[in-house]
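J.: As a plain string of letters, each chain reads:
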Amino acid sequence: MQFTGYQTDDFHDELFVNQNQARDGSKLLIQKIESLTEGELLKRQQSAEKSMLYKGITFSLYGDDRLGKEQIFPFDIVPRIIEAEEWEFIEKGLKQRITALNLFMADIYGSQQIIKDKVIPEYVIHTASSFRKACIGLKPPKGIWCHISGIDLVRHSDGKIYVLEDNLRCPSGVSYVLKNREVMKMVFPQVFEASKVRPVELYPNMLLQTLQAIAPKSIHNPTIVVLTPGIYNSAYFEHSFLAQQMGVHLVAGSDLVVKDELVQMYTTQGLKRVDVIYRRIDDNFLDPHVFRKDSLLGIPGLMEVYQKGKVGLANAPGTGIADDKVIYAYVPKMIEYYLGEEAMLPNVPTYLCWQEQDQRYVLDHLKDMVVKSANEAGGYGMLVGPQSSKSEREAFAALIKTKPRSYIAQPTLSLSRVPTIVNDHLEGRHVDLRPYVLYGDDIQVLPGGLTRVALKKGSLVVNSSQGGGSKDTWVLSKKSKKS
Amino acid sequence: MLSQEVLLSRTAHTLYWMGRYLERAENVARFVDVNLLLMIDLPQVEKQHWEALVMTSGDIELFHEHYSDTTQKNVIQFLTFDLDNPNSIFSTVRQTRENARTVREIISTDLWEQVNTFYLMIQEATEKNEILYSPHEFFSNVKKECYLFEGILHSTMSRQESFYFIRLGRYLERADKTARILDVVNFMPAVDPENIQQTFQMIQWIAVLKSVSALQMFQQNFRDISAENIYQFLILDKAFGRSIYYCLQRSLTFLKLISREDTRVRFSNDAEKMMGKLKSELDYADIHEIYETGIHQYLDTLQIKINQLDTILYDTFFRF
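Same order as they appear, the protein sequences are chains A and B. 0 is the number of the first residue of the first sequence in numbering that gives the first Met the number 0; add one for each residue after it. 0 is the number of the first residue of the second sequence in numbering that gives the first Met the number 0; add one for each residue after it.
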């Protein structure tokens, strides 16, 4: 399968400058693919898929149909490549953003100076469904709220990288980054070495360090756990994978109890204290005493122990406030306000429907815009203007008018593409990128991240719930000087 | 850090059952396979024999709920692939795999991948109808996968609680299954033609031995294939890996390792106490005394005690 006939069309292609010329960092890979015999690439794709099935890297198991074949998270073996200089810039931009977001959270659950200084309207904060009153006055260890985040980035046809959304609650997908890489090493062993791809394998160690950093002060050898909603959660594979890779316990809420003012777990040897919880359940379900009373997933009394500093939580409760897409729109202003710097990675221009002027513009240009619900993730509650029908637009117009605070709109971006195997040949498909940022003693960014690809022709929605797949992401090392 | 110092109660329970389910699958495979071959020698009693086979599995009522005819095809379907039968090979391997998936962070990756591919192999087999007519190779593969599990377990996992709970599950299940298989003879059809009586019984006993992969080891220890010798070997032998005595003795060892045996006390929890008692009974048991009690009665009581042990294990380690 060769690149003859491959079209970049009018899009930015991550591997090609134009259809006749590969980008510098991609040349080795393209050569390799060109050198394969007919059918070989497809064979490697199939063997990658089979290996994922055997390894049990499946996305959602069973469902209702007990005989249903399990599905692997669709994976395409042609990687996305990011060159060293560009990555350096992205990494700096992410660190800047996370620094500002953490300052914002400390401020918003503290003295709320940013509201007093009229940078963000009070209205926007207090109407955010992810604002947690119970978190006002919380002082997380070292002042860090968001220890693990996955920031979604996209590249527009102008070649620039934009931030699409911040995922500061429990971003998933990093296990696929690690597993994709494991499989890719078997698929293209030589190209890896020659291209000097930066490794991602250290992520579990980085994560463990991050979690150790938030252990209560007096504890030198903390007991760390990963808290999962349970085996039927679609990200269960990731929860157990991360626990396994870090060598820590994977627990469900029912394994934990608050006793003697400590969080403890039931073991075969009786109760044992837990010092740090990497929780993969939403704030709302963490502690029925404080948040949702009907939660069966959480641990009654957890928040009290947390407030007393006797257990560490990652992320701190309340971080979802900055995931609200209306608040997202203010992040560049936060960066200016807290750091006195201009945002290195710009936001996608965002229209806030609760503002009259913006709303009028959005309603007049619905056909060209992407409308998103302020508080939904996973590609739900979304209108992609250019691909919408008249009745869908009318429905969204009505929604926007009745609940303006709940909607934002952005111009439709033309996301960059990466060559992707389609049947027996290669075609460009749109991608985004979710790098993972860890904030323990300092901020670390995993080189690369999850490249999600919209497998449907022309589709801009990369979410796995909407027919998206993933690719390995190769961040290249800096070239050593030629001697 | 150091998560292996202790085990969550829930995790221990899952590992223990993972061991039990896998052992159950292995036993069904061996048992059905042997009896299929036996049937070739005894065509005249085929139907009753299939009935006895299902009886041994303990699920005869369930079988008649779902199948009208006791044919080879139906029995194999029921014992092998039927998900409505919680003890079929497919059901138990599926459970093994589901349990393994739940504790993937504890077991080695190699062990997980083996259990996962084993499950996928059976799932694929369910789609091939011809296996119902010629299943020998399939059963042989199931057995091999179970041996592979054992090998990977031993060569990739540390000797610590997680390992011990899996092993404990396997040995308790195995003790129970050996008792059941020995009891099968009590369900076997009686045969009319007197002249083949002798041969017939002999063939049955050989089948029993084969069902627990014991024929060769038995023959190295005994000259005559007689009921008494077989009971002696499969209940009381000290060295054979599937004798009830051996299984209970191993179970006790694992229990002591789990409770971190304190040599200053005789036992440290109820599970250890009961297992110790049961094992001591067998220590000093005598096959002639067992005969006096009545062999069926004896095996029955033994199975009841193994069930009680399971409950006590639950109260000691798994309940919270």
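No lab work stands behind these hints: they were computed from the structure. Cβ atoms here follow ideal geometry from the backbone N, Cα and C, with glycine treated the same way. One or more hints might be untrue.
With a straight-line Cα cutoff of 30 Å, these simulated DSS-like cross-link-like pairs (lysine-lysine) come out [as the list claims (entries may be wrong)]: (1) A:Lys54 with B:Lys127; (2) B:Lys72 with A:Lys42; (3) B:Lys272 with A:Lys271; (4) B:Lys127 with A:Lys49; (5) A:Lys258 with B:Lys127; (6) A:Lys49 with B:Lys142; (7) B:Lys255 with A:Lys271; (8) A:Lys49 with B:Lys143.
What follows is a set of in silico ranges between Cβ atoms, one per label pair, in the way DEER data are often shown [unchecked claim]: (9) A:Lys195 with B:Thr310: 58 to 64 Å; (10) A:Ser46 with B:Leu256: 40 to 46 Å; (11) B:Thr108 with A:Leu41: 23 to 29 Å; (12) B:Glu149 with A:Lys258: 53 to 59 Å; (13) A:Ser253 with B:Gly293: 41 to 47 Å; (14) B:Asp269 with A:His125: 53 to 59 Å; (15) A:Leu338 with B:Leu256: 55 to 61 Å.
J.: Against the earlier hints, flag every one the structure doesn't satisfy and list their numbers going up.
T.: When the structure is compared with the hints, numbers 2, 5, 12 turn out to be violated.
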